[in-house]
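Chains as they are written, first to last, in the working numbering: chain L, 2 to 287; chain A, 3 to 236.
To be clear, the hints were calculated from the coordinates, so they are not data collected in a lab. For clarity, every value in this text was computed on a predicted model and none was experimentally measured. You may find that some hints are simply not true.
Said to hold, decoys possible - Computed list of lysine-lysine pairs in DSSO-like fashion (alpha-carbon distance at most 27 Å, straight line):
{"no.": "1", "chain 1": "A", "residue 1": "Lys62", "chain 2": "L", "residue 2": "Lys128"}
{"no.": "2", "chain 1": "L", "residue 1": "Lys102", "chain 2": "A", "residue 2": "Lys57"}
{"no.": "3", "chain 1": "L", "residue 1": "Lys84", "chain 2": "L", "residue 2": "Lys35"}
{"no.": "4", "chain 1": "L", "residue 1": "Lys128", "chain 2": "A", "residue 2": "Lys90"}
{"no.": "5", "chain 1": "A", "residue 1": "Lys149", "chain 2": "L", "residue 2": "Lys283"}
{"no.": "6", "chain 1": "A", "residue 1": "Lys57", "chain 2": "L", "residue 2": "Lys128"}
What the hints assert, rightly or not - Far from chain A, by Cβ distances over 12 Å, these chain L residues were calculated:
{"no.": "7", "residue": "Tyr3"}
{"no.": "8", "residue": "Glu45"}
{"no.": "9", "residue": "Thr46"}
{"no.": "10", "residue": "Asp54"}
{"no.": "11", "residue": "Asp63"}
{"no.": "12", "residue": "Ala65"}
{"no.": "13", "residue": "Pro95"}
{"no.": "14", "residue": "Arg106"}
{"no.": "15", "residue": "Asp141"}
{"no.": "16", "residue": "Arg151"}
{"no.": "17", "residue": "Asp171"}
{"no.": "18", "residue": "Gly229"}
{"no.": "19", "residue": "Gly239"}
{"no.": "20", "residue": "Gly242"}
{"no.": "21", "residue": "Phe272"}
We put the beta carbon where it would ideally sit given N, CA and C, even for glycine.
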Amino acid sequence: MYEFLRDLDRRVIFSLMALAVAVPILLQITPPEKATPIVRDAFETIEALEEGDRVYMAFDFDPASAGELQPMATAFVRHACEKKLKIYFTALWPVGPQFIKNAERDVISRDFPEMVYGEDYVDLGFKTGNEGVIKLVANDLRTQYPQDARGTPIDDIPMMAGVASIRDFDVIMNVSAGYPGTKEWVQYAVASAPDDIKLVAGCTGVQAPLLYPYYPQQMSGLLAAIKGAAEYESLVLGKYGRENEPGMYQEGLRRMAPQLSGHILMVGLIFVGNLVYFMARKRGEA
Amino acid sequence: MMKRTIPMLLAMAAGIVMILAYFFPPLTPLQDKTTVWFNILAAVAFILGGGNLLKVHLKKVSDRREGWAYSMITLAAFVGVLAIGLFKIGVNPLDEFPDQRMAGDFRAEGSGFWYVYEYVFAPLTATIFSMLAFYVASAAFRAFRAKNLEAILLLGTAFVILLGRTAAGVFLTDFLPEEGMLANFRLENLTVWIMNNPVTAGNRAIMIGIALGTASVSLKILLGVDRSYLGGGD
């Protein structure tokens, strides 16, 4: 047994991981989720807004992180639509606009067809410049965005009336996979007017420890990784329904089952790996 | 002079404007102007980056250096996707301008660029990222050893976080009460505590260190002591 475990082929481990992820997906298991305070605060921040309030929705991620971040982006958009907020989409990552298109197609056009482009939501598109863009919109959004992603001058867009800078938004909702992302939104937007600007964010698991220090002072709430997305989804589902409609509004919840089995496998592997290590030490091989 | 002194003076002036505007609000318009210039430079850097990518890979192909075939693939992908986007291949015209194909959105569903993104780029990047799970599992089995006290602490924390971030955490410590002192030992609460306290404290220390380092490097650049960003090695 010792020799078998010591010489365990990595392909066995790969196969175990593949099974650990695939089986819960195929069986469509959805474990229950209970929201942690940091996610509940993000939810409550949006809940506290009134109909017609403005949210600045920044999608700063790419397809590599979409597995973790797409469910929270969808949940954010759905929540904002349910609350009848005015949504201003932007992206600091070159592939971000594709996720804006997806949100428009999958959430707004499908479930909120009454929303009108230019009056209820607008796509301001991608801008290069990283934190330079944030720094500028903190003072002067109209210089940075003279037109929307469709080429319409912003003066001709009804919902842009009265919007001069980031201070004119009630909340920034950021979904971030790294640089530029949530950290830059805190440092360059929130820091410019801490009392006027609220930020809720969703981020990848590896980013989360770097962002915890900003909560709750500079950041009203944070959705960390797929668990954060699942918790937020459970809150949105609890409040606005559609529990019986499987699909994108429960993607985060569905992905918690493969995460559960994957994590248990990791714990098991670490345990067995250490068992082998101590046996090797006892035999004088380590 | 043109290659080093003027860029250095421009960088110094821009940096000083950004700092002064923070303390003297009347300088904010100048600060915004500087930021606009920065954003324009960043956009131009995209073109420079594309040119540099072409130069490096064309050279590699022309010299037939090891791995030149990969460079060919890179070049083909770069030029192909650029052409699809720039010439709006497969783009559907807008309803308002049915005979003007170039007026259509190059990212809209059904366009050539959309197909490349949806069926090539997105699956490829997601696949590469997903493979991390397999390598992390293998590495955890072979390298995560309880060799000393620090490693044991790390292992214990990893176990709590790995289990606490899933329903397993709730299930394993469900026997503990939801209220009172013992509730703190429920895995899901222990996870939150670890993230909110030791992790946050450690990260704050790192962030303060980075901030001090950044301030120090910025000062060196502003005063012209550090010129490494100009290239040339000094």
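Cross-check of the supplied hints:
no.	hint	in the structure
1	A:Lys62 x L:Lys128	violated (32 Å)
2	L:Lys102 x A:Lys57	violated (34 Å)
3	L:Lys84 x L:Lys35	holds (22 Å)
4	L:Lys128 x A:Lys90	holds (20 Å)
5	A:Lys149 x L:Lys283	holds (13 Å)
6	A:Lys57 x L:Lys128	holds (26 Å)
7	Tyr3	holds (15 Å)
8	Glu45	holds (17 Å)
9	Thr46	holds (18 Å)
10	Asp54	holds (26 Å)
11	Asp63	violated (7 Å)
12	Ala65	violated (4 Å)
13	Pro95	violated (9 Å)
14	Arg106	violated (7 Å)
15	Asp141	violated (5 Å)
16	Arg151	violated (7 Å)
17	Asp171	holds (23 Å)
18	Gly229	violated (10 Å)
19	Gly239	holds (17 Å)
20	Gly242	holds (23 Å)
21	Phe272	violated (9 Å)
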